[in-house]
Amino acid sequence: MRRFFSLILIIGFGFYLVTVIGRIPFAATGEAKGSVGVQIVNDTVNDTGAANAVTSVVVLYRGFDTLGEVTVLFLAALGMSLLLKGTEEVKARVFDESFILKTGSYLLFPFIVLFGLYIIVHGHLTPGGGFPGGVVIATAFFIIVMTSEMVRLRENLVSILESLAGLTFIALGIAGLLGTKNSFLANFMGKGVFNTILSAGIIPFIYAAIGIKVGSELTGAVGSMFLSPFGKQEEAGE
Amino acid sequence: MVNPILLIIIPLATAFFIPLLAIVWKNGSRYLALLAALANVLIGIKLLPYVLEKPIHVTIAGFKAPIGIDLLAGPLGIVFSLIISITGFLVLIYSIGYIRDESINKYYTLFLLLLTGSTGMVLTNDIFNLFVFFEILCISSYILVAYNRDEHGLEAAIKYLVLGSVGSLLFLIAIAIIYLKLGTLNMADISDKFDALGGSYRMMVVVLILSGLGVEAAIFPLNSWLPDAHSSAPSSISALLSGFVIEVALIVVMKLVYSVFHAMQVLNALAVVGVITLLVGEFAAFRQENIKRVLAYSSIGQVGLILLALSINSKAGISAAVLQIINHTASKSILFLVSGYFILKTGSYRYSDYSGIAKRMPVSSLLFVLAALSLIGVPPFLGFFSKLQIVMAAAARGSTFYVSLVSLVLLGTIVEGAYFLRIAQVLYFGRQQDTDSGWLETGNAAGIDMESVGNAPVSAVIPVLLLGIVVVFGFLFLTNLNGVTGSIAGEITRALSLASLF
Amino acid sequence: MSNLITIENIVYLASFGLILIGLFIVFSDKNLVKLVIGLDIAETGVNILLVSTGYIQGKTAPIFSRTGLKASQMVDPVPQALVLTAIVIGFGVTALALALVVRLYQKTGTLDVSEIRGLKW
Amino acid sequence: MAFSMLFILPVIGIVLSLIFVKVDFLKNLINLTIFGALVYFNILLLNSVGETFKLPFAFLGQSLTFRVTYLALYFSLMINGISFLTAIFSWRFMRERENSSLYYVWWLTKTLGMFGVIFSGDFLTFFLSWELMSWGTYFVMVQRGGAAAKASYKYLVYAISSAMVLLAGIVILYASFGTFSFAELSKAYSNISTGMLILTLVLFIGSFSVESAVFPLHSWLPDAYSETFSPMSSYLSSISTRLGTYGIILFLFVIAGVSVIDRLQIIGAINFRYVIGVFAVLTIIVPTFTAVFQDDAKKLVMWSGIGQGGYVLLGIVSGSALGIGGGMFHMMSMLTFESVILLSIAAVEYRTGTTNMNKLGGLIKKQPVAFIGLLAGIIALAGIPPMNGFVSKWFIYRSLILSGYPFLAIGAMIGTLATILAVYKLIHNIFLGQLREEYNGVKEVPFDMQLPIWILIIIVWGSAVFPGITFSLIAKIQSSLGLTPVPYSLNGIATSAGDLDMLVVSIVFVAGLVVAYMVYLLGHRRKHVIQYDNYAAGHFLNKDIPYNYNAHFYAGMEHIFEPYRKKIIARSEKSLAALTGTIGDYLRHIYTGNVSTYAYYIVAAFVIGAIVLGGVF
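Chains A, B, C and D are the protein sequences, given in the same order. Per numbering that gives the first Met the number 0, the first sequence starts with residue 0, numbered consecutively. Per numbering that gives the first Met the number 0, the second sequence starts with residue 0, numbered consecutively. Per numbering that gives the first Met the number 0, the third sequence starts with residue 0, numbered consecutively. Per numbering that gives the first Met the number 0, the fourth sequence starts with residue 0, numbered consecutively.
Among the clues, some could well be false.
Said to hold, decoys possible - Pairs of lysine to aspartate or glutamate residues, derived as EDC-like cross-links and limited to a Cα-Cα distance of at most 16 Å, are as follows:
{"hint": "1", "chain 1": "B", "residue 1": "Lys-63", "chain 2": "A", "residue 2": "Asp-46"}
{"hint": "2", "chain 1": "C", "residue 1": "Lys-119", "chain 2": "B", "residue 2": "Glu-101"}
{"hint": "3", "chain 1": "A", "residue 1": "Lys-190", "chain 2": "A", "residue 2": "Asp-42"}
{"hint": "4", "chain 1": "C", "residue 1": "Lys-33", "chain 2": "C", "residue 2": "Asp-111"}
{"hint": "5", "chain 1": "D", "residue 1": "Lys-153", "chain 2": "D", "residue 2": "Glu-572"}
{"hint": "6", "chain 1": "D", "residue 1": "Lys-358", "chain 2": "D", "residue 2": "Glu-436"}
{"hint": "7", "chain 1": "D", "residue 1": "Lys-365", "chain 2": "D", "residue 2": "Glu-437"}
{"hint": "8", "chain 1": "A", "residue 1": "Lys-180", "chain 2": "A", "residue 2": "Asp-46"}
{"hint": "9", "chain 1": "D", "residue 1": "Lys-358", "chain 2": "D", "residue 2": "Asp-294"}
{"hint": "10", "chain 1": "C", "residue 1": "Lys-69", "chain 2": "A", "residue 2": "Asp-42"}
{"hint": "11", "chain 1": "D", "residue 1": "Lys-365", "chain 2": "D", "residue 2": "Glu-443"}
{"hint": "12", "chain 1": "C", "residue 1": "Lys-29", "chain 2": "C", "residue 2": "Asp-111"}
{"hint": "13", "chain 1": "D", "residue 1": "Lys-364", "chain 2": "D", "residue 2": "Glu-437"}
{"hint": "14", "chain 1": "D", "residue 1": "Lys-358", "chain 2": "D", "residue 2": "Asp-295"}
{"hint": "15", "chain 1": "C", "residue 1": "Lys-119", "chain 2": "B", "residue 2": "Asp-100"}
{"hint": "16", "chain 1": "B", "residue 1": "Lys-358", "chain 2": "D", "residue 2": "Glu-437"}
{"hint": "17", "chain 1": "A", "residue 1": "Lys-84", "chain 2": "B", "residue 2": "Asp-191"}
{"hint": "18", "chain 1": "D", "residue 1": "Lys-21", "chain 2": "D", "residue 2": "Glu-97"}
{"hint": "19", "chain 1": "C", "residue 1": "Lys-106", "chain 2": "B", "residue 2": "Asp-149"}
{"hint": "20", "chain 1": "A", "residue 1": "Lys-84", "chain 2": "B", "residue 2": "Glu-288"}
{"hint": "21", "chain 1": "A", "residue 1": "Lys-190", "chain 2": "A", "residue 2": "Asp-46"}
{"hint": "22", "chain 1": "C", "residue 1": "Lys-58", "chain 2": "C", "residue 2": "Glu-7"}
{"hint": "23", "chain 1": "A", "residue 1": "Lys-84", "chain 2": "B", "residue 2": "Asp-149"}
{"hint": "24", "chain 1": "C", "residue 1": "Lys-119", "chain 2": "D", "residue 2": "Asp-584"}
{"hint": "25", "chain 1": "B", "residue 1": "Lys-25", "chain 2": "B", "residue 2": "Glu-101"}
{"hint": "26", "chain 1": "D", "residue 1": "Lys-358", "chain 2": "D", "residue 2": "Asp-447"}
{"hint": "27", "chain 1": "B", "residue 1": "Lys-25", "chain 2": "B", "residue 2": "Asp-100"}
{"hint": "28", "chain 1": "D", "residue 1": "Lys-365", "chain 2": "D", "residue 2": "Asp-294"}
{"hint": "29", "chain 1": "C", "residue 1": "Lys-33", "chain 2": "C", "residue 2": "Glu-114"}
{"hint": "30", "chain 1": "C", "residue 1": "Lys-106", "chain 2": "B", "residue 2": "Glu-101"}
{"hint": "31", "chain 1": "C", "residue 1": "Lys-29", "chain 2": "C", "residue 2": "Glu-114"}
{"hint": "32", "chain 1": "D", "residue 1": "Lys-365", "chain 2": "D", "residue 2": "Asp-295"}
{"hint": "33", "chain 1": "B", "residue 1": "Lys-63", "chain 2": "A", "residue 2": "Asp-42"}
{"hint": "34", "chain 1": "D", "residue 1": "Lys-364", "chain 2": "D", "residue 2": "Glu-436"}
{"hint": "35", "chain 1": "D", "residue 1": "Lys-364", "chain 2": "D", "residue 2": "Glu-443"}
Honestly, the hints are just simulated from the structure, not real lab data. Please read these numbers as outputs of a predicted model, since none were measured by experiment.
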């Protein structure tokens, strides 16, 4: 019965999606309508000095969104650690993994981190940036947590990193506010030589902060998942 | 002049800073959060006279709209950020005594992010940025609802989360359509181009946004999460959620409808929905026994009233609605904050167990009653004037349609009065049961020892008293308030055009 | 017939299909974890819709990595940035939802949405 | 000056009473002074009829206006007079009462509201004051707690409903004519459409009927008024209800005008006023018959007081000079006799601690002043000469018969029968019969409590002998409303219009009493016995088996009426509350608790919205 009604509603909703959105052709956007994106692509090199237009949009044009997005991640990590922290002392999960896996993960760890860092610092030049880089770094920790029994993530360290990275982001923004442009997140540094690492003003710095933040947040989230007890919790005193 | 962006940045930065502070000073977050909220209050007060004359446009990253994101600090933005920060500040004072477990740092971080999200929502002038702040607001409230980690809180939070996500899904689809068709995300820009859009696209966008943001704005039938979430959250959080979160969502959605989409066609339907929301809320509250559920349903009723007022399509209506929002924020915060201590002291959620609690907690009970009277709309409290203005604004339209809606509002008021005064009487005169020998005063069934119930701590009484001043003496400043609400109404009804912005 | 198989139609089909499938799961499935998965699927659909709004036929990624690339040859970068934000937000919500589900299961011992009704009316 | 003092003094009183909330003596003194000063300023105000006043600030772009009219002055004189007397009585009565610390605060709040209502010059002021008055009434009643709280709750629900209906009426008027002012509205009414007329009549008269306790909206009154402190019971039942009648007078004569209302011909001679008259007659009959079966003295008076309100309404809607004059006069009569009866009962309660008639009896020698007060009061209540109730009822009956409403007159007379039964029960069960053992030590109340009773007795009698004093003001009211003034003389009615000379009636009555007393003295049949030197139905009486038929006084009658009495209204009230609850329960079930269903609602709302609005765009 429930399925039947759901189906009817889905058909109704689908009807509107298909008949209204489904008729919009892609090519119609763009130049003809003077879309924001077209203007950005045209001006981005002059405005920001970043080769990757997407990055300049993410970090500068819509940097405020990105700040919010980082905040959402921060919130999610915070929420997870709040919710999953056991009410009673819970032992870290013990995985009885093989020696090869453990050693392999330790061996892989620095390379994965390095790869992540590479992605972060080249965010304004190539596809990538703080978000994917941060995720890659978090993966390194994830593997360690998955495979070795003794590693317990230092929640404090993670949250300090997280906070510092977030504050750096805001501080860079405020520096723009205090600078000549008098605008939050404005690019107050020189643009540097186009298509090199130290170009595009504050973009690489912000992306580094984002990378650290995303990495530490995801690590923290993974950590809190592992620290939480699974299964139905016994009520205290029973 | 202060940059209005600080209203968003200060609480956000403080929230990021709290984990660092926690290492050196465990309970420092309490006072830091208070400071941040206070700073916002001061900035808001400083900015208010400027924006009443001319709205301030804030560019971000030095890019002018529509290329970059911009904030519009008009009367609406600043007044609502003031409402948010003042309520937040007072609730933070309340929290000093109320929140006492070991995760207080997380509580204050989340609290500040809730303030950030809602302030961002009212200030932003970019529709995707609105979505981001909307999500910050939503996610922080999901977590705060579950803050106590009890069964009810968790259940309410997951429901709230699922429904909120469905809502944001619809919102995102609307954004996709807007960008596909118009190639812009700036609200002023959208406003300029929107009328050229085909009818079916306009309809789709408006309805998607109404049903997406409407989830947070608690419009019937999208408000099913509300009674659960508002009644299961810690009382300080309920005060925020009922106090300004739903109102912020509502005013933003109506701002979009009026000044961005110019969708006057939906207003009549929204007025009807508003009255339905009102009646559902008030009638459903009638039989509730859990005090926080009563208050939550009453919030639904109030939202319905505000929605009706906003849908009148006249400046008077919107102005009255904003006044009603101010009244509801103050009154409902008082009600939730006070009931928080009722619950804490007696250990029961059933208001019939608070038999004669007024003798033990006189100030709190008195303010509870005053706030309830204001919500019902009893002169000379603020609520009377806002309700009267709403009724008159509807009547001024002169059509039978509005007059019949108003009569339904008045019907709802009767029910509202009936259940609020029943609670008030229990507080003062004890529970009365209909027995064969007439109504007798009986003790509480739960066996709560009223003698042991003490008064609420000073940290709880001060904010409630301050809010009480707004409710009780607000009418003295009615002219000023009406000036402010009038300029908000002017801002909403004036179609924003990009040309006039810069 | 061939004009039906355009890039638009493929994208729309994928996106609408995912949205509808996701919502159908949300409406009709009883398991809370599946419900969260349903939301995720629907969200993916929306993200596809969102990112595809920037697509312009025959144009390349908006990265000026080689000299000689012109802005007129590039697709719209804004939706890509938007979808990045949307994905991250979606991730955050999903992670949080799962944390809530874990905790709720500990408390109630069930994941059946028709049984998790401690709050109603 | 005098006018603003009417509003300033209560505010001062409220503030001072709040400051000296713990100091009983000061509080009493302050309030007595204030009520006294109010009487003084009220009398001063008689010179400034026709003046208008405006509050210095506007509200919603509307200024709040007041105007002094004869009608308002008549009411304010009644209010202030009875307030002062009740305040004197309260001084000692309210000493050390539980839950009474805010007694004067709420009373003054209510007074302030009442002044606002009667002096207001527009509907906005009227409504604000009306609300203030209703809430003042509620708080003054609810403060005693216990059973009073439950009874006041019922009042409150009625009052909110009535206020909301009133507001709807005001809003509709505002929507149609764009003004709140009485003067402008009354102009607009001269060519109003019939539908609008009917709608507003129903809304306004319906709303005011609650406050003035017109059948079937009267059921809140007896409990609410009788459960509160006794002086306040007396005050409320004598004046508070009449403010509802003020509203009816205001709407019928000031706003709409009789000629406009008489355009509504229903069938033949039956017009809208006749319909109200029918309700008035029902208000006389039903509550008065209910009064007969009450065991609580205060409740009995309250029930019969509702019936007296019916006479007032009946007189007013009769539309003739005599009838309106009689109705107005009856307000004053009611004010005094209700008050004297209830103050006498309060005096008994002060000494015995109860108002349950089944537990009283034989107090005549212990509390003679209270007895005389009650006697004077019930004579007036029953409409027997030479008290003022007779005068007003005579006017009302006469006008009904002259205007051709014989059925209404007959209905009213049926009510009188029940009134006599009720008041006989009242005086018998309290003062006659046997004295109960526990009341042997009862004394008369102190002089300061006797004083208001004596003053009221004099007024009840004096205003009957010289009704012209009251009628001189009533005639001015009538001419100011554009009605024919009642033809009065100092001691009755002007000779051309009829043949009532109260001086003659009084003299005859007194002469009759003197003759009866002479006969009694000449008979020499008097013999004092102790109360147990007696027998009944073959039993000799003693302390353990007292002679007492207080309980089930009219048992036979009760047996007949019981199945019909109080069932209908109580049931409909209960079922209305139950209906609200049931609607609420059904609506609540929308929220099933199942999150999938909730998600369904959201998308369904989108689809329905798209279907509905798709056609609009």
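So, going through the hints one by one against the coordinates:
1. Our distance criterion of 16 Å between C-alpha atoms is met by Lys-63 (chain B) and Asp-46 (chain A), whose separation comes to about 12 Å.
2. Our distance criterion of 16 Å between C-alpha atoms is broken by Lys-119 (chain C) and Glu-101 (chain B), whose separation comes to about 30 Å.
3. The hinted pair formed by Lys-190 (chain A) and Asp-42 (chain A) meets the criterion: a straight-line CA distance of about 14 Å does not exceed 16 Å.
4. Between Lys-33 (chain C) and Asp-111 (chain C) the alpha-carbon distance is near 10 Å, which keeps this suggested pair within the 16 Å criterion.
5. A threshold of 16 Å between alpha carbons decides the hint, and for Lys-153 (chain D) with Glu-572 (chain D) the separation of about 10 Å falls inside it, so the pair holds.
6. Annotation: proposed proximity of Lys-358 (chain D) to Glu-436 (chain D) holds, straight-line Cα distance about 11 Å (limit 16 Å).
7. Pair hint Lys-365 (chain D) plus Glu-437 (chain D) holds up; C-alpha atoms about 12 Å apart against a cutoff of 16 Å.
8. At most 16 Å may separate the alpha-carbon atoms for a hinted pair to count; Lys-180 (chain A) and Asp-46 (chain A) meet this at roughly 13 Å.
9. The straight-line distance between the Cα atoms of Lys-358 (chain D) and Asp-294 (chain D) is roughly 9 Å, inside the 16 Å bound, and the hint therefore holds.
10. Under the criterion of a C-alpha separation no larger than 16 Å, the hint pairing Lys-69 (chain C) with Asp-42 (chain A) is consistent with the structure, at around 11 Å.
11. At most 16 Å may separate the alpha-carbon atoms for a hinted pair to count; Lys-365 (chain D) and Glu-443 (chain D) meet this at roughly 6 Å.
12. Distance hint between Lys-29 (chain C) and Asp-111 (chain C) is fulfilled; the C-alpha atoms sit about 5 Å from each other, no more than 16 Å.
13. Note on Lys-364 (chain D) and Glu-437 (chain D): the hinted pairing holds, with a Cα-Cα distance of about 15 Å set against a maximum of 16 Å.
14. Of the supplied pair hints, the one linking Lys-358 (chain D) and Asp-295 (chain D) holds, its CA atoms being roughly 10 Å apart against a limit of 16 Å.
15. Distance hint between Lys-119 (chain C) and Asp-100 (chain B) is unfulfilled; the C-alpha atoms sit about 28 Å from each other, more than 16 Å.
16. Using a Cα cut-off of 16 Å, the hinted pair Lys-358 (chain B) and Glu-437 (chain D) is violated, with the two alpha carbons roughly 35 Å apart.
17. Using a Cα cut-off of 16 Å, the hinted pair Lys-84 (chain A) and Asp-191 (chain B) is violated, with the two alpha carbons roughly 50 Å apart.
18. The hinted pair formed by Lys-21 (chain D) and Glu-97 (chain D) meets the criterion: a straight-line CA distance of about 12 Å does not exceed 16 Å.
19. The suggested pairing of Lys-106 (chain C) with Asp-149 (chain B) holds, with an alpha-carbon distance near 8 Å, which does not exceed 16 Å.
20. A threshold of 16 Å between alpha carbons decides the hint, and for Lys-84 (chain A) with Glu-288 (chain B) the separation of about 33 Å lies outside it, so the pair is violated.
21. Between the alpha carbons of Lys-190 (chain A) and Asp-46 (chain A) the distance comes to roughly 9 Å, so the proposed pair stays at or under 16 Å and holds.
22. Our distance criterion of 16 Å between C-alpha atoms is met by Lys-58 (chain C) and Glu-7 (chain C), whose separation comes to about 15 Å.
23. For the given pair, Lys-84 (chain A) sits about 13 Å from Asp-149 (chain B) by alpha-carbon distance, which is consistent with the 16 Å threshold.
24. Distance restraint check for Lys-119 (chain C) and Asp-584 (chain D): the Cα-Cα separation of roughly 12 Å lies within the 16 Å cut-off, and the hinted pair is therefore satisfied.
25. For the suggested pair Lys-25 (chain B) and Glu-101 (chain B), the alpha carbons sit about 9 Å apart, so the restraint of at most 16 Å is met.
26. With a C-alpha separation of about 26 Å, the suggested pairing of Lys-358 (chain D) with Asp-447 (chain D) is violated against the 16 Å cut-off.
27. Between Lys-25 (chain B) and Asp-100 (chain B) the alpha-carbon distance is near 12 Å, which keeps this suggested pair within the 16 Å criterion.
28. Annotation: proposed proximity of Lys-365 (chain D) to Asp-294 (chain D) is violated, straight-line Cα distance about 21 Å (limit 16 Å).
29. Of the supplied pair hints, the one linking Lys-33 (chain C) and Glu-114 (chain C) holds, its CA atoms being roughly 15 Å apart against a limit of 16 Å.
30. For the suggested pair Lys-106 (chain C) and Glu-101 (chain B), the alpha carbons sit about 20 Å apart, so the restraint of at most 16 Å is broken.
31. About 9 Å separates the Cα atoms of Lys-29 (chain C) and Glu-114 (chain C), which keeps this hinted pair within 16 Å; it holds.
32. The suggested pairing of Lys-365 (chain D) with Asp-295 (chain D) is violated, with an alpha-carbon distance near 20 Å, which exceeds 16 Å.
33. Taking the CA atoms of Lys-63 (chain B) and Asp-42 (chain A), the gap is about 13 Å. The hint holds against a cut of 16 Å.
34. Under the criterion of a C-alpha separation no larger than 16 Å, the hint pairing Lys-364 (chain D) with Glu-436 (chain D) is consistent with the structure, at around 14 Å.
35. With a CA separation close to 9 Å, the supplied pair Lys-364 (chain D) and Glu-443 (chain D) stays within the 16 Å bound.
Checked against the numbered hints given earlier, the structure breaks hints 2, 15, 16, 17, 20, 26, 28, 30, 32 and satisfies all the rest.
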